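K.L.:
Sequence:
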Amino acid sequence: MATQAPDNAVQPPTIRDMVTRLISLPSISSASPDWDHSNEAVVQTLADWLRPMGFATDILPVPGMPGKFNLVATLGSGPGGLVLSGHTDTVPFDDQRWQSDPFTLTEKDDRWYGLGTCDMKAFFAVAIEAARDLSGADLKEPLIILATADEESSMNGARALAEAGYPRARYAVIGEPTSLKPVRMHKGIMMERLVFEGQSGHSSDPSLGNNALEGMHEALGRLLALRSHWQGE
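Sequential numbering of the sequence shown, starting at 1, is according to the numbering used here.
Calculated directly from the structure, the hints in this document are not laboratory data. This one's a predicted model, so the numbers in the text were calculated from it and none came from an experiment. All C-beta atoms in this analysis are idealised placements derived from N, C-alpha and C, irrespective of residue type, glycine included. If a hint is listed, it holds; no wrong ones were tucked in.
Pairwise CB distance ranges, derived in the manner of DEER restraints: (1) 140 with 187: 31 to 39 Å; (2) 96 with 139: 47 to 55 Å; (3) 199 with 64: 32 to 40 Å; (4) 199 with 159: 35 to 43 Å; (5) 220 with 168: 36 to 44 Å; (6) 193 with 108: 42 to 50 Å; (7) 213 with 178: 39 to 47 Å; (8) 173 with 230: 24 to 32 Å; (9) 130 with 231: 36 to 44 Å.
The whole structure should be built from the sequences, with the hints applied where relevant.
P.N.:
Structure (structure tokens):
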């Protein structure tokens, strides 16, 4: 459901306060149910900050994923426009490898530490701050802030949006960390499953059997050759 705030709504907090709040909201995504969290609190918080700026916000449940939501926040209307896109979830963490509370923003040596500061909750705070001055502006094309679920695990959040056919925009900026270097392309990912079935035989006549390991060996050889070919291009 799309919602929009009244004209007298309170504006969002400072960048630091936004990052502090987002870091404090656990939104781990994992294939393990023991680690997996809902991202609803993060999405709802972002929507609450964006509505006072004039954004129409759609909070969309991810089909088949209870507790998982995408946010599409739109300022302006019409075709085209610019998408600022990021994911709301984080990876799991190991307590023993942290020197501070992962869910508390900690400043040390001019750096901020917390689960998701870099990848990538702080991006949303920066995107909202960048859009703050556009509140009330007459935009020729819309500005869309997109926040997806489960990028770190199933990628079902972005997949659900793609299957639904939106948002459609002319350009997009993905807020993944790149050390402030513009990156115009990135590798994708494809996962496939190969199944090899063997057939028992006898040492007196091996030709009557079928060794599944030999088939796997041949397949691995071809995959490695393909990798070498692509790396050489």
